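Enquirer: Based on the sequences and whatever the hints tell you, model everything.
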Amino acid sequence: MFETKLVASPVQKIVFAIVNQKQNENTRQNYASALTQFFRWYQNTEYSELSPEVIREYILYMKHSGYARSTIATKLSITKQLFRELWKSGVIDNDTYTNLKEIKIKGPRGQRVKTWLSHEEIQLFLRSIQNNNNRTIRDKAILATMLGSGLRRFEVSELECSQIGKVEGRWAFTDIKGKGERYRTVAIPEWCMNLIKKWLEMREELAWNFTERLFFSIRKNGTPGNTKISPQAIRDLTRKYSNKYLGKPVLPHDLRRTYAQLSYRAGAPLRQIQISLGHSSIRTTEIYLGLDQDFIKAPGDYIKIKI
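Note that this note's numbering has the sequence shown beginning at 1, numbered continuously upward.
Mixed in with the good hints there might be a few duds.
[What the hints assert, rightly or not] With a straight-line cut-off of 30 angstroms between C-alpha atoms, the simulated DSSO-like cross-links for lysine-lysine are: (1) Lys104 / Lys80; (2) Lys198 / Lys220; (3) Lys198 / Lys228; (4) Lys177 / Lys304; (5) Lys104 / Lys177; (6) Lys306 / Lys166; (7) Lys179 / Lys197; (8) Lys197 / Lys177; (9) Lys304 / Lys220; (10) Lys304 / Lys198; (11) Lys198 / Lys306; (12) Lys220 / Lys248; (13) Lys197 / Lys220; (14) Lys101 / Lys88; (15) Lys240 / Lys197.
Derived from the structure by calculation, the hints contain no laboratory data. Being a predicted model, the structure only gives us computed values, none of them experimental.
Expert: What follows is the structure in structure tokens.
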């Protein structure tokens, strides 16, 4: 039995535990958002018990709200973790939990078309953004960072100036904190570093020492903000410039995918790309095997960009 006092203790404590056990801040935010959305929807219904019928109705609600199938699947997966903890805590019985965890999304499987840019599109994309003010110089460096080093948007948001350094005689982003609290170091290709240097010069001109973050917010009037640039802002600027100069929406992960695709097609070793991307599936094995990251021929070097 699962009564309508959904967010009351001890359920609230269970939710906090689910969210806080996630190590990555971005993941915690996604979990908190998904669970909060479910609670708000549930409290506006007339249901008094949690049941498969309730969850199927919730799935239908998300479909009617325009969510993609993949997004609904993610939200359902997070919600199922709540069901498991409720069962373990005795809030719902075994039969209810068994029925809830078996619920799947029905209908044709679909997914967002994977997008990556061609070499020519990258050239057009970066060359079209003029270095005529502090915002465009910053934005161009951010886009180059995702295209040239394959960083996630939240990793770009968290970068500090001190993380740019020399490794084996070349520039690199050091000690990047990725998913699962895993750290890695990624080489910076020369063309990308040139754009970052322009931003560092502009940053120095602004004499802004409020934050050590490499990329910070900029107000509408062009003055520096007092916070780091957010992952959402990085997503927004990527879409803005891609719509303007490429005539189609491109997301930060598309740039990360482009980094991997073009590097691999140009001959970069697959394992080196996987290390640079910080993929966990084979990373541990590679560490155990003593596979060293190649800073002489880093993946981003295979993408020849002329700015």
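Enquirer: The structure should be examined with respect to each hint, and the outcome stated for every one.
Expert: Here is what the structure says about each hint:
Taking the CA atoms of Lys104 and Lys80, the gap is about 11 angstroms. The hint holds against a cut of 30 angstroms. The suggested pairing of Lys198 with Lys220 holds, with an alpha-carbon distance near 21 angstroms, which does not exceed 30 angstroms. A hinted pair counts as satisfied when its Cα atoms are at most 30 angstroms apart, and Lys198 with Lys228 qualifies at roughly 18 angstroms. The suggested pairing of Lys177 with Lys304 holds, with an alpha-carbon distance near 27 angstroms, which does not exceed 30 angstroms.
Simply put, Lys104 and Lys177 have alpha-carbon atoms about 34 angstroms apart, too far for the 30 angstroms limit, and the pair is violated. Proximity of Lys306 to Lys166 is assessed by CA-CA distance (about 22 angstroms); at most 30 angstroms being required, the pair is judged to hold. Restraint check: the Cα-Cα separation between Lys179 and Lys197 comes to about 27 angstroms, which is no more than 30 angstroms; the hinted pair holds. Distance restraint check for Lys197 and Lys177: the Cα-Cα separation of roughly 22 angstroms lies within the 30 angstroms cut-off, and the hinted pair is therefore satisfied.
Of the supplied pair hints, the one linking Lys304 and Lys220 is violated, its CA atoms being roughly 34 angstroms apart against a limit of 30 angstroms. For the hint linking Lys304 to Lys198, the alpha-carbon distance of about 19 angstroms falls within 30 angstroms, and the restraint holds. In summary, the hint linking Lys198 to Lys306 is supported, as the alpha carbons are separated by about 15 angstroms, within the 30 angstroms threshold. With a CA separation close to 25 angstroms, the supplied pair Lys220 and Lys248 stays within the 30 angstroms bound.
Only pairs whose Cα atoms come within 30 angstroms are accepted, and Lys197 paired with Lys220 is accepted, the gap being roughly 23 angstroms. For the proposed pair Lys101 and Lys88, the alpha carbon gap of about 13 angstroms is at most 30 angstroms, so the pair holds. The suggested pairing of Lys240 with Lys197 holds, with an alpha-carbon distance near 23 angstroms, which does not exceed 30 angstroms.
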